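Sequences listed follow chains A and B, in order. For the first sequence, position 87 matches number 512 in my numbering, and the numbering has no gaps at all. For the second sequence, position 199 matches number 219 in my numbering, and the numbering has no gaps at all.
Because the hints were derived from the structure by calculation, they are not lab data. Incorrect hints may appear among the rest.
Here are some chain B residues pointing at chain A (derived, C-beta under 8 Å) [said to hold, decoys possible]: (1) ALA32; (2) PHE69; (3) LEU76; (4) LEU165.
Note that the coordinates shown come from a computational prediction; the quantities given were computed from them, not determined experimentally. Where is the CB? At the ideal position from N, CA and C, for every residue including glycine.
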Amino acid sequence: MQLSLLAAPAVCALILIAAAVKRVDIIGEFTLGAREGLQAAVELMPTLLLTVSAITMLYRSGTLGAFAELISPAAAHLGFPAEAVPLAMIRPLSGSGALAVFENIISADPDSFASRTAAVLMGSTETTFYTIAVYFAAVRLRADARVFISSLTADFAGFVFSALIVRLFY
Amino acid sequence: MGTLIAVMFAAAIAGSLILGTENEMSAAFSQSALDTAELAVTLAASMAFWSGMMRLAKKCGLVDTVCRAVRPLLRRLMPDISPGGEAQGLVSMNAAANLLGLGNAAAPIGIAAMRALCREEASRRTLAAFLLLNTASVQLIPMTLITLRTKAGSASPADIVLPVICCSALALAAGLISVFLLYGGEGCSCHCLQRPQSVR
Chain A
426 MQLSLLAAPA VCALILIAAA VKRVDIIGEF TLGAREGLQA AVELMPTLLL
476 TVSAITMLYR SGTLGAFAEL ISPAAAHLGF PAEAVPLAMI RPLSGSGALA
526 VFENIISADP DSFASRTAAV LMGSTETTFY TIAVYFAAVR LRADARVFIS
576 SLTADFAGFV FSALIVRLFY
Chain B
21 MGTLIAVMFA AAIAGSLILG TENEMSAAFS QSALDTAELA VTLAASMAFW
71 SGMMRLAKKC GLVDTVCRAV RPLLRRLMPD ISPGGEAQGL VSMNAAANLL
121 GLGNAAAPIG IAAMRALCRE EASRRTLAAF LLLNTASVQL IPMTLITLRT
171 KAGSASPADI VLPVICCSAL ALAAGLISVF LLYGGEGCSC HCLQRPQSVR
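Modelling step: build the complete structure from the supplied sequences, incorporating the hints.
Take a look at the structure:
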């Protein structure tokens with residue numbers, strides 16, 4: 426298990442060794458690639474600034490939490506654990522926010538139904554809004570509604586299936 | 021996206037007035053610029069680093085190897101990317117990084133892949149399918165989750181691996197079905213980068 430923590434550095438080592446074997450100009454080529462990456466980063470920065478501040482406001486004002494509380498009885502009625510509803514709300518918006526909420530949920534009992542559902546939910550969804558914002562800002566293209574609809578369909582399916590699958594497996 | 025951001029800001033203000041969290045709001049507002057600056061530097065550094073690594077991987081033929089491995093899958097999802105092109109290589113590397121759970125590498129490579137896809141004038145449908153591969157987060161071993169569950173004292177922290185894979189696959193399938201329904205057989209190119217779009 427500790428081995429998989431080394432995955433990213435190991436991939437780098439593999440690339441560097443392969444490059445050395447093939448006698449690629451490591452410093453020169455790396456620099457050229459890195460410069461391209463930096464340019465791309467600068468181009469998407471303005472959109473990122475706006476998106477992240479909007480998400481932070483929504484999260485920190487408590488609006489998102491209040492909304493989660495509002496719909497959690499209905500979700501619980503449909504078989505989705507009420508404790509995991511806040512996670513489902515924050516997950517598409519903020520990675521660090523979702524991680525905090527997730528840790529809070531599993532701190533009580535990591536093997537409960539709600540905790541397992543939360544874990545499956547965490548593992549099968551991503552910070553969708555952030556990803557869309559960053560990926561589309563990088564190509565200076567406006568994300569159309571269909572992009573949001575299809576990604577959110579996948580997220581919503583993730584919510585529904587997470588509870589169903591946990592019921593099925595345990 | 022622009023409209024959405026306006027709505028989010030308005031909802032945050034309304035929510036904080038109703039909930040009486042004006043203090044937290046103002047603190048969060050002044051803090052958010054700092055947080056974003058930190059995020060920007062981190063993202064820029066990781067984008068630069070992984071772009072450099074990808075260039076090395078391409079030069080020594082590793083990208084082609086990964087490309088061949090994931091080609092059968094990608095050819096169906098994104099029929100209009102040209103074989104052997106820059107976009108195909110980056111999309112493959114991004115998929116591989118996602119599968120291995122290397123989130124820090126997947127995002128910068130994914131951004132580079134988006135740019136390459138647009139340079140090659142990929143269709144809107146291909147962009148949506150590619151985005152979905154990233155937002156559905158299909159990964160073989162969810163390392164962070166296992167670590168967190170171990171920390172919380174779970175009896176068998178790794179037993180979520182299979183449910184997570186099943187759930188991701190189902191979520192991805194649902195997303196792909198909606199992409200196919202929404203975009204149909206659309207093949208028009210996106211013409212991005214050449215024609216910067218104004219933010220509404």
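Hints, one by one, checked against the model:
The beta carbon of B:ALA32 is positioned within 8 Å of a beta carbon in chain A (closest approach about 4 Å), and the interface hint is therefore held. The beta carbon of B:PHE69 is positioned within 8 Å of a beta carbon in chain A (closest approach about 7 Å), and the interface hint is therefore held. Annotation: B:LEU76 was flagged as interfacial toward chain A, and the flag holds, the nearest CB pair being 5 Å apart, inside 8 Å. Because the beta carbon of B:LEU165 sits about 5 Å from the nearest beta carbon in chain A, less than 8 Å, this interface hint is met.
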